[in-house]
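Novice: Given the sequences, and given the hints that come with them, work out the whole structure.
Start counting the first sequence at 60; every next residue gets the next number (our numbering).
Zero decoy hints are in this set.
Computed list of lysine to aspartate or glutamate pairs in DMTMM-like fashion (alpha-carbon distance at most 25 Å, straight line):
1. K293 to D250
2. K533 to E413
3. K355 to D227
4. K92 to E557
5. K406 to E325
6. K133 to D85
7. K112 to D127
8. K406 to D347
9. K406 to D212
10. K533 to E64
11. K355 to E311
12. K263 to D227
13. K299 to D212
14. K533 to D212
15. K508 to E495
16. K263 to E288
17. K167 to D61
18. K519 to E135
19. K508 to E161
20. K125 to D149
21. K422 to D445
22. K167 to E534
23. K508 to E132
24. K511 to E546
25. K171 to E411
26. K133 to E89
27. K156 to E510
28. K92 to E553
29. K167 to D530
30. K157 to E546
31. K511 to D149
32. K349 to E334
33. K511 to D567
34. K313 to E296
Beta-carbon label-pair distances, calculated as ranges:
35. L83 to D212: 22 to 30 Å
36. A501 to Q416: 49 to 57 Å
37. V425 to D292: 30 to 38 Å
38. K156 to S82: 28 to 36 Å
39. N224 to M417: 24 to 32 Å
40. M417 to H304: 24 to 32 Å
Derived from the structure by calculation, the hints contain no laboratory data. Backbone N, C-alpha and C fix where the C-beta goes; we use that ideal spot for every residue, glycine too.
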Amino acid sequence: MDVIESLKLNIQKAFSALGVEVSLNDIVIEHSKDAAHGDYATNAAMKNCRLLKMPPVAVANALIEKLDRNGIEKIEIAGPGFINFFMKNDSLQPIVKKIINEGESFGKGEKKNFKVNVEFVSANPTGDLHVGHARGAAIGDSICRIMEFAGYDITREYYINDAGNQIDHLAESILARYKELLGIPAEVPEDGYHGQDIIYVAQKIIDEVGDSLLNQDNPIPFLKERGMELELDKIREDLKTFRVHFDVFSSELKVRSNGAVEKELEFLKDHIYEEDTAKVLRTTDFLDDKDRVIVKSNGDYTYFMPDIVYHVNKMSRGFDQLVDVLGADHHGYINRMKSALMMHGYKAEALEIELIQMVRFIKDGVEMKASKRTGDSITLREICEDVGVDAMRYFFAMRAASAHMDFDMNLALEQSSNNPVYYAQYAHARLCSILEQGKDIALDKEASKLEKPSEMALLKFLANFPNVVNDAAKERAPYKITNYIHELAGLIHEFYTECRVIDRDNIDVSSSRLALCKASEQVMKNALNLIGVNAPEHM
RNA sequence: GCGCCCGUAACUCAGCUGGAUAGAGUACCUUCCUCCUAAGAAGGGAGUCGGACGUUCGAAUCGCCUCGGGCGCGCCA
Numbered sequence: 060m061d062v063i064e065s066l067k068l069n070i071q072k073a074f075s076a077l078g079v080e081v082s083l084n085d086i087v088i089e090h091s092k093d094a095a096h097g098d099y100a101t102n103a104a105m106k107n108c109r110l111l112k113m114p115p116v117a118v119a120n121a122l123i124e125k126l127d128r129n130g131i132e133k134i135e136i137a138g139p140g141f142i143n144f145f146m147k148n149d150s151l152q153p154i155v156k157k158i159i160n161e162g163e164s165f166g167k168g169e170k171k172n173f174k175v176n177v178e179f180v181s182a183n184p185t186g187d188l189h190v191g192h193a194r195g196a197a198i199g200d201s202i203c204r205i206m207e208f209a210g211y212d213i214t215r216e217y218y219i220n221d222a223g224n225q226i227d228h229l230a231e232s233i234l235a236r237y238k239e240l241l242g243i244p245a246e247v248p249e250d251g252y253h254g255q256d257i258i259y260v261a262q263k264i265i266d267e268v269g270d271s272l273l274n275q276d277n278p279i280p281f282l283k284e285r286g287m288e289l290e291l292d293k294i295r296e297d298l299k300t301f302r303v304h305f306d307v308f309s310s311e312l313k314v315r316s317n318g319a320v321e322k323e324l325e326f327l328k329d330h331i332y333e334e335d336t337a338k339v340l341r342t343t344d345f346l347d348d349k350d351r352v353i354v355k356s357n358g359d360y361t362y363f364m365p366d367i368v369y370h371v372n373k374m375s376r377g378f379d380q381l382v383d384v385l386g387a388d389h390h391g392y393i394n395r396m397k398s399a400l401m402m403h404g405y406k407a408e409a410l411e412i413e414l415i416q417m418v419r420f421i422k423d424g425v426e427m428k429a430s431k432r433t434g435d436s437i438t439l440r441e442i443c444e445d446v447g448v449d450a451m452r453y454f455f456a457m458r459a460a461s462a463h464m465d466f467d468m469n470l471a472l473e474q475s476s477n478n479p480v481y482y483a484q485y486a487h488a489r490l491c492s493i494l495e496q497g498k499d500i501a502l503d504k505e506a507s508k509l510e511k512p513s514e515m516a517l518l519k520f521l522a523n524f525p526n527v528v529n530d531a532a533k534e535r536a537p538y539k540i541t542n543y544i545h546e547l548a549g550l551i552h553e554f555y556t557e558c559r560v561i562d563r564d565n566i567d568v569s570s571s572r573l574a575l576c577k578a579s580e581q582v583m584k585n586a587l588n589l590i591g592v593n594a595p596e597h598m
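Specialist: Here it is, written out as structure tokens:
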């Protein structure tokens, strides 16, 4: 059991001895920010003073009379009623052994037997992934890594909107480029795609089938299918570079096949009314503030209709929860989709939507507008080449998804050494270097010689990693991992500065410190992996 | 007009299930490499936590109001 858990139990028992039962969840142990406040502190006395009908400080005094002093050096009452714990060194040292033994599993949560489907990116296969997709990809993938590590059963899913008319526009655009490349005058339609990648696709098709399409009455169906495949291939390639993989690619066409939409309409009929000749879904019966048209007067479906089918399809595959990672401009969509699922008897919580706020890319003080249509968008590929995948992923994982963010291109492009990702990676590389040089010295897994402030601070922080993982998973908040990484790097650098690790005249201490290096290196690597950033051994 | 997100140091942002002196990076100013990676460390200046009221032992954090910025509110996708 870790130190924090045992402190909680200790306090709970003390409350019992005073005749009050307090839930473990109501006892909060926090790391003291200031060393003068000890190693750990609790506000339990203040929080529960009403139960005992005594002033906070009196409760604190009564509590500490009842506390078990095992492993505790000193207990103090401070301020308005905080109880500060000063731990004995040997109650903090055992974490080193635990980390080294568990290795890359340290921090993993228990299997939760809870299946979650996370859908993210889902960019239309009509052009290269651009930089606007990057944040969603980085955060979506990090959420998956963190939740998986915390013990959830995760399926990563990409939804391909291959049924809409954007695929027609794609085919027409490719056809125009195809003709151009063959020397036949043609123009990309106004509402088509004007990006460079379309020319690439057209060339690829020429390589495959030559000019044979010119003789066909209607080459559009072929171009739709082949063009989409080629676009998807590029997207998969870019995602791979970005260290993102998907378990499932779902096709809208497939989801809609076999009359699935008609069946869904039939299922929903009690919630549908007609207005003129359109069909409207009464989502206001649930969470929405407005009813939604699902079948237009002309008989076409609105985009909402197949999306309902898709979400019901996902639920029917046995997931306990769906998570959609969407751009913040989709927030109006949350309640209508939840409402539709509730018509199927699912709880509102069955679907959670993670909104990703817009990123502004600033270069030379001017915002760069990324547009797929105009062709002058910045692609994910080129920015990864310039900035590097590590920096991109770290940067995006650094901020809460809900926060608007500015991406300073100049900083990212010109001064990569200023990027905080290097601070963390450098800490890792330093440790690796020391471990390499001290590899002939046996590690003292008991870490019995650790006592310096920077050593003890590091120990406490390492021990907290599993809690941080759990919290980040529960909140679907990768930035909490990134914050942890940053702070851990700081503690490692402080330790490095204060404590000379390899000292051939003092092998005992070296041995303990090397074990601490190993444990710190392991936790740093585990944490970086959760946000998809490499932990280099040399820099 | 209605709804969602945001407003914290010069800049970019943490901190928000209420807790001790509000933090980090960048930028600026001092120090520190005969010694395991100076892509580092130590220290300094920098704040009416947008504003007002309320809830209470205690509010950056919760509630209401208000101001400012972004985004939604289609028989578009």
